[in-house]
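Asker: Keeping their order, the protein sequence lines are chains A and B.
Numbered per the numbering used here, the first sequence spans residues 20 to 319.
Numbered per the numbering used here, the second sequence spans residues 20 to 319.
Warning: the hint list may mix true and false statements.
Identical chains blur together in the list; that is why a pair holds if it fits in one copy or across any two.
As the list claims (entries may be wrong) - The calculated lysine-lysine pairs, modelled on DSBU-like cross-linking and capped at a C-alpha distance of 35 Å, are:
no. : residue 1 : residue 2
1   : Lys162    : Lys222
2   : Lys162    : Lys197
3   : Lys222    : Lys23
4   : Lys162    : Lys223
5   : Lys132    : Lys42
6   : Lys132    : Lys222
7   : Lys161    : Lys223
8   : Lys197    : Lys223
9   : Lys132    : Lys41
10  : Lys132    : Lys162
11  : Lys23     : Lys162
12  : Lys47     : Lys162
13  : Lys197    : Lys23
No wet-lab data here; the hints were simulated from the structure.
From a predicted model like this one, the values you see are computed outputs, not experimental measurements.
Number of protein chains: 2
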Amino acid sequence: MFNKIAIFGVGLIGGSFALALKKAHAVKQIVGVGRTAAALERARELGILDAIGTSVAEAVMGADLVLIAAPVAQTGAILAAIEPHLQPGTVVTDAGSTKADVVAAARHALGAKIGQFVPGHPIAGRELNGPDAAIDHLYVGKKVVLAPLPENTPQDIARVAQAWILCGAIIHELTPEKHDCVFAAVSHLPHLLAYALVDDIAKKPHADLLFQYAASGFRDFTRIAGSSPEMWRDISLANQAALLYELDAYMLQLSRLRGWLAEGDGSAIEAVYANAQHARQNWLRAIETAESQKNIQGGD
Amino acid sequence: MFNKIAIFGVGLIGGSFALALKKAHAVKQIVGVGRTAAALERARELGILDAIGTSVAEAVMGADLVLIAAPVAQTGAILAAIEPHLQPGTVVTDAGSTKADVVAAARHALGAKIGQFVPGHPIAGRELNGPDAAIDHLYVGKKVVLAPLPENTPQDIARVAQAWILCGAIIHELTPEKHDCVFAAVSHLPHLLAYALVDDIAKKPHADLLFQYAASGFRDFTRIAGSSPEMWRDISLANQAALLYELDAYMLQLSRLRGWLAEGDGSAIEAVYANAQHARQNWLRAIETAESQKNIQGGD
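Isolated chain A (complex conformation) (with noise of 0.2 Å):
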């Protein structure tokens, strides 16, 4: 059970973690800061804050737990803001999906304070942004990875932990360095090269005519190429190193690839389709049995 718990950025993300906290009955009391009054006003008529803090520190106060879920860029200004009101007894986390550059600029803010924040990423999301999209099951059955420090306490690692799993969700933790390489590969270069795709379509001159016979395979390929475009160019920068690496590994693929079709060697293209297909299937295939044995273990 939680006192209070202050959340820096009630959108999506900090909305339905706290919509999640009440409907476990785990919190007394939330209290919100943000960029813009409207979006707190409104997450108050939402029922997902108890009260909107007029500063930083009364906010902070007397907080067991403080969630940042701002865009990922405004981490270390909120915890530099953080810092002076920051009492033995509050850990902090954050939701960015990115940590090695959320740690380094949580050491440069919170200097001796450093082991009050335990760093996270709840793999989680929907389309629609701001606290009208926030929902109450947001994270059930779905991964939240903590990246803990070496100053972290077990105790507060397991505050944090705590958390989430009301919230419904299955926790993981990786190094803040395995985290962003992991995400990198499978969640930020998708989303580049997605965003890549369209924007060179629809550059086109005959851009209309294209879209025109785009279809569902198409509209699934670029649906994460409908995401914020501030956040995921945050994203893309924090993230720069591992994503450069993972793009190199891609370009070298479609180097491949394009010899491969300019020589028509059919077969060594079947073997990437091929291969690319059985690993799919396979992925799907570990998803639904951990689905199912989750349903077996009493989860909904």
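Could you slot chain B onto chain A? The hints should help.
Answerer: Structure of chain B alone, referenced to chain A:
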């Protein structure tokens, strides 16, 4: 009303065509021809076929319409087998995903009878294959692109269009060359890109860890990599020139993005992401508008 339709290749595409025409009471007899006796027998059990052709000659004899719905690489061989038995009054069409190569193969196989071949491409599909995947409403509201030849009579083009309209489809016309350029960009390239990404990840030493954190964005981005590798190898090779052209444009786009990412040029990256998001939103809105107008006009 059709007296007899012969279908070469009774899987998802050919089977759904048959079921839709039967549902519309638009055909007296459907005869199937295929590589495997078991699939044809299954199609008859499912009510897709009235009869299994014992020979190409018998299947084609007296048919108003012949549909070739086999893998695109087999179209030439099937047309060559049909040619000696092709009588005046029979129109042949196909369902191949590429058109310029099909037209070249048809000219070679049919010679002076080329006027009886009206190339076509239904823009519809499912992730399942074979006669069991066939459904009577696969084409409802979907586009069918016809790519008529100068040698086709308006009557023959109209007969093929009529069959697809009876299936619920909407007829579009493109030249074979234009067709291939359009689908290289909005379908064939995305397939290659999705296969390339999954294969790239699957071959990494820590592939298991990566797949463990792949989520819904990755699932949708790679859905088309679940498609038949054999079919997409054939399509890639059949549309080699247009696909190489689109792949080169895309690789250039990735090189530009790589440069901006390496330089940390957030504005340039955001401009691409924002343009893509905007273009995709416009495209989805245009689709929705078209859908709602179709409903107003009395479609189902």
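Asker: Could you tell me which of the numbered hints above are not met by this structure, giving the numbers in increasing order?
Answerer: Going through the list in order, the structure violates hints 3, 6 and respects the others.
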